[in-house]
Amino acid sequence: MRKVLVTGLGGAGRTTVAAATALAAAGPGRRVLLLSTDPPAALGTPAEGTLTRVAEGLWAARVDPGADFRTEFLSLQKRLSAGLDLLGITRLAEEELTELPGSDQFALLRALTAAETGGWDLAVLDLPPVRETIALLALPAQLRRYLRRLLPPERQAARALRPVLAQLTGVPMPASWLYETTGRWDDELAAAQALIESPGTTLRLVAEPGPAAAAALRTARTGLALHGVRVDALVANRVLPRHSEDTWLAALAAQQEKTLQEWGAEWAGQCPVRELPHLGREPHGPDDLTAPAAGLPPLPGDPAADSGPDSGSGSADDLGIEDRRAEDGTLVWSLPLPGAEKKDLGLVRRGDELMLRVGPFRRIVPLPSALRRCAVSGAALSDGTLRVRFTPDPGQWPRTP
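If you're matching positions, the sequence shown starts at 460 in the working numbering and goes up one per residue.
Don't read these hints as lab results, they were simulated from the structure.
All C-beta atoms in this analysis are idealised placements derived from N, C-alpha and C, irrespective of residue type, glycine included.
Incorrect hints may appear among the rest.
Stated by the list, open to error - Quick list of simulated restraints, FRET-style, between CB atoms:
hint, residue 1, residue 2, range
1, D803, D705, 36 to 42 Å
2, L510, P757, 24 to 30 Å
3, R608, G754, 44 to 50 Å
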């Protein structure tokens, strides 16, 4: 199943572009699913939680974070029932539960994972603004790392905690439910992480051209590249008509044109920049989305997309390790970071992990086996790529004859 994640700057028309993307891909013999936390009004249907057919080959559904939170909480409460009864804790009823902040993120991840088994050809996910989306896409890997640190497979940490917890509560603390629950969470997070990192998953950025959007987009572009997210298109939405006789409108159009030229230069070779005209109103219904759908680029993997530029932003794993031991005795690990500046970079090696910071974004990268036996000997940012040099530790590398 192909996955297209649609995000962008706040108020730029992400939901409209997501609906147009889904509509453009739908058709006879196709099964396309549009998922959103907001009712996709652009398609003319509320799609309140239930699967709704909105056009030939296209279905839409609203992800309900509240219902998802209640289902997951009650399921966890049921699994912990023995411990709760032992401690005399009264269980919460479904009517008492309201979702907590952050529930939207988990609901979207679960909806995307569930769609994988639905027999869909394509799933289009309408995501929050880009800063929140970057955090969402990084969430599965981050939570799995926390689980491994708090409850490692060897269970040593939990075994050490059990006597302490028993003293605090005055009752024996069961451990099996803890590991079963942790294992289930890890499996779910691993499935979500695999979908996000899959070659069949791409992201579509939406922005309304202008000076403020240009600055925010540069920051977002670097954050997406840091996490190895593949961008298949930058959609410039609500582009005003050029050559207007109205001087005020012409000035705004000229400002947009300048931004579009800058975007074309900045994103050249990474993904196409497509313009969608301003409709003069909010779209409502599939008929209003016909023109925007026609203006979108084909999805990567479609025959019409084969001749276009590489749609992926790349990742360190994709690039691998450059072996320069014969030249200067180092291994070089690279990560594309377009738009990054040296003053915004931070890099720390801690054990078998590399901690990267680019402006407001952070990522902790597990090092490949070969680099774990090396020391960081330097790093440089040039031509939009971070290159980290590693020097092999003679004590951990086999001697050459």
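Hints, verified against the model:
D803 and D705 have their C-beta atoms about 41 Å apart, which keeps the hinted 36 to 42 Å range intact. Remark: the range hint 24 to 30 Å for L510 to P757 is upheld by a beta-carbon distance near 26 Å. Distance hint check for R608 and G754: the Cβ-Cβ separation is about 47 Å, which falls inside the suggested range of 44 to 50 Å.
The structure fails none of the hints (numbered hints given earlier).
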